Amino acid sequence: MPIAVHMLGLSVFALGTSEFMLSGILQPLARDMGVSIPQAGMLISAFAVGMVVGAPVLAAATLRLPRRTTLIALLAVFGLGQVAGALAPTYEVLFASRVISALACAGFWAVGAAVAVSLVAENARARAMAVMVGGLSVANIAGVPAGALLGQHAGWRSAFWAVAALSVVGLIGVVALVPRTAVPTGDDRPRLRKELRIYADKQVWLALVTIALNAAAVFALFSYLGPLLTDAAGLDESWVPTVLGLFGLGGLIGTAIGGRIADAHLFGTMYGGIAASTAVLALLALLAHSAVAAIALALLLGVTAFTTAPALNARMFNVADAAPTLAGATTTASFNIGNTLGPWLGGLVISAGWGYPAVAWVGAALAAAGVVATAVASRVHRARGAREAGTGAGAGTGGSVPVPHAPSRVVASHTPDAEAQPLSPADAPR
Numbered sequence: 001m002p003i004a005v006h007m008l009g010l011s012v013f014a015l016g017t018s019e020f021m022l023s024g025i026l027q028p029l030a031r032d033m034g035v036s037i038p039q040a041g042m043l044i045s046a047f048a049v050g051m052v053v054g055a056p057v058l059a060a061a062t063l064r065l066p067r068r069t070t071l072i073a074l075l076a077v078f079g080l081g082q083v084a085g086a087l088a089p090t091y092e093v094l095f096a097s098r099v100i101s102a103l104a105c106a107g108f109w110a111v112g113a114a115v116a117v118s119l120v121a122e123n124a125r126a127r128a129m130a131v132m133v134g135g136l137s138v139a140n141i142a143g144v145p146a147g148a149l150l151g152q153h154a155g156w157r158s159a160f161w162a163v164a165a166l167s168v169v170g171l172i173g174v175v176a177l178v179p180r181t182a183v184p185t186g187d188d189r190p191r192l193r194k195e196l197r198i199y200a201d202k203q204v205w206l207a208l209v210t211i212a213l214n215a216a217a218v219f220a221l222f223s224y225l226g227p228l229l230t231d232a233a234g235l236d237e238s239w240v241p242t243v244l245g246l247f248g249l250g251g252l253i254g255t256a257i258g259g260r261i262a263d264a265h266l267f268g269t270m271y272g273g274i275a276a277s278t279a280v281l282a283l284l285a286l287l288a289h290s291a292v293a294a295i296a297l298a299l300l301l302g303v304t305a306f307t308t309a310p311a312l313n314a315r316m317f318n319v320a321d322a323a324p325t326l327a328g329a330t331t332t333a334s335f336n337i338g339n340t341l342g343p344w345l346g347g348l349v350i351s352a353g354w355g356y357p358a359v360a361w362v363g364a365a366l367a368a369a370g371v372v373a374t375a376v377a378s379r380v381h382r383a384r385g386a387r388e389a390g391t392g393a394g395a396g397t398g399g400s401v402p403v404p405h406a407p408s409r410v411v412a413s414h415t416p417d418a419e420a421q422p423l424s425p426a427d428a429p430r
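If you count by full-length UniProt numbering, then the sequence shown holds residues 1 to 430, one letter each, in order.
Keep in mind that the hints were calculated from the coordinates and are not lab data. Quick caveat: nothing in here was measured; it's all calculated off a predicted structure. There's no promise every hint is true.
Derived CB-CB ranges, DEER-like [to be verified]:
{"no.": "1", "residue 1": "W344", "residue 2": "A96", "range": "36 to 46 Å"}
{"no.": "2", "residue 1": "E237", "residue 2": "G155", "range": "12 to 22 Å"}
{"no.": "3", "residue 1": "S238", "residue 2": "S290", "range": "35 to 45 Å"}
{"no.": "4", "residue 1": "T242", "residue 2": "V376", "range": "11 to 21 Å"}
{"no.": "5", "residue 1": "A154", "residue 2": "S351", "range": "30 to 40 Å"}
{"no.": "6", "residue 1": "E237", "residue 2": "V168", "range": "44 to 54 Å"}
{"no.": "7", "residue 1": "I3", "residue 2": "V168", "range": "12 to 22 Å"}
{"no.": "8", "residue 1": "V376", "residue 2": "P89", "range": "42 to 52 Å"}
{"no.": "9", "residue 1": "A383", "residue 2": "A293", "range": "13 to 23 Å"}
{"no.": "10", "residue 1": "S351", "residue 2": "S238", "range": "21 to 31 Å"}
{"no.": "11", "residue 1": "A165", "residue 2": "D236", "range": "27 to 37 Å"}
All residues carry an ideal CB built from backbone N, CA and C; glycine is no exception.
Build the full structure now, drawing on both the sequences and the hints.
Set out below in structure tokens:
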């Protein structure tokens, strides 16, 4: 795996820490800003909405820009957004800084994912995406608890300063390690109208729906895991960071498993992971009042949820191979739609008085819908493969329709830096 892919994963660690760390510093932040907890919680929603809007908009706006330059600019803006948050004198300024950070984060995810898959062969895409998603897993294991710890002992603003410092490290790594791109000419020159054609493919929409349902299932539960542990399972609040860390550890394990098996068994990984999440969420709903069961199932949910992540991402890039940047953008948007939908549905059942265990039933229902979406996508894929086999095009394997050749350079969606150089053999995917 090229070291540039690992550096992109490190940058995603900074992005993920910023996205999720507010859950651990919400109370001191609300007190300092003089707002209610629900108002402070709107900062989380603002980030999610910024991700949904920012991913496709920035992908389209930067389509003809050099990918490396785009990554550098977006990471710089993200870092400045963290500094603005750390210095924010009012809630309104902090809110604006979160939106700006989310826009930059979304754009980086979209372009960074396209760069990651273009640095490796087609049969290594899931492993490349596992490195990217692994950055999120490590953010949940280390970044979010560390942010909460900093918030408790050095003030909530220190968490923003820490993420800003991580952004600088990622920025240096991108500058040093991400290769410049070759010059796309003629038909290879990116055109927005041409890339938008991917949305005429029903397989693209099935992939996006599956991603959104899987994310919604997980975050319907994860968003209310703290109160579920304290109110339903009877655990002390001091246990919450530990269980969140266990969920993140499970995510890291799941990402490693999914990254290794998804390239060869794409649909099998999707089926198995989402079905397992359905079962874990249903068990958690039934056993929520058992502290031991709740802790163990939180760990298992991390494993099952993140096992599917590399496969879901790779599937999207396989069916939208002609438009990798828009594929990354809409994948990011779809994930954050689920990230918004799941907590909203969970909040509805809590407001209805059904209790915190009910959010696990919501998650299980959403995951079951994800299994159905996967089944439909698999059927459509097999039917298309059979048609192509009949015309001599070939059906492909592993859940993807093969492309004529796997990219060996970062091309297709962004024009190069003026000083662009071809990749050397040492930089070639391996």
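**Asked** How does the Cβ-Cβ distance of E237 and V168 compare with 44 to 54 Å: does it lie in that range?
**Response** Taking Cβ atoms as reference, E237 and V168 lie about 33 Å apart, which means the hint is violated.
**Asked** Has the hinted range 42 to 52 Å been met by the Cβ atoms of V376 and P89?
**Response** Roughly 51 Å apart at Cβ, these two residues keep to the hinted range, so it holds.
**Asked** Do S238 and S290 keep their Cβ atoms within the hinted range of 35 to 45 Å?
**Response** violated (19 Å)
**Request:** Please test the hint of 27 to 37 Å on the beta carbon pair from A165 and D236.
**Result:** Given a distance of about 32 Å, which is inside 27 to 37 Å, the answer is holds.
**Message:** Taking the Cβ atom of E237 and the Cβ atom of G155, is their distance within the range 12 to 22 Å?
**Reply:** Distance hint for E237, G155 holds at roughly 20 Å.
**Item:** Verdict for I3, V168 (Cβ pair) under range 12 to 22 Å
**Value:** Roughly 19 Å apart at Cβ, these two residues keep to the hinted range, so it holds.
**Message:** Quick check: does the Cβ-Cβ distance between A154 and S351 fall within 30 to 40 Å?
**Reply:** With Cβ atoms ~35 Å apart, the hint holds.
**Request:** Could you check the hint for me, namely that W344 and A96 are 36 to 46 Å apart, CB to CB?
**Result:** violated (23 Å)
**Request:** Determine whether the Cβ-Cβ distance between A383 and A293 falls within the hinted range of 13 to 23 Å.
**Result:** violated (42 Å)
**Item:** 21 to 31 Å as the expected CB spacing between S238 and S351, which holds or is violated
**Value:** 27 Å Cβ-Cβ, so the 21 to 31 Å window holds.
**Prompt:** Has the hinted range 11 to 21 Å been met by the Cβ atoms of T242 and V376?
**Reply:** violated (39 Å)
When the structure is compared with the earlier hints, violations turn up for hints 1, 3, 4, 6, 9 and for no others.
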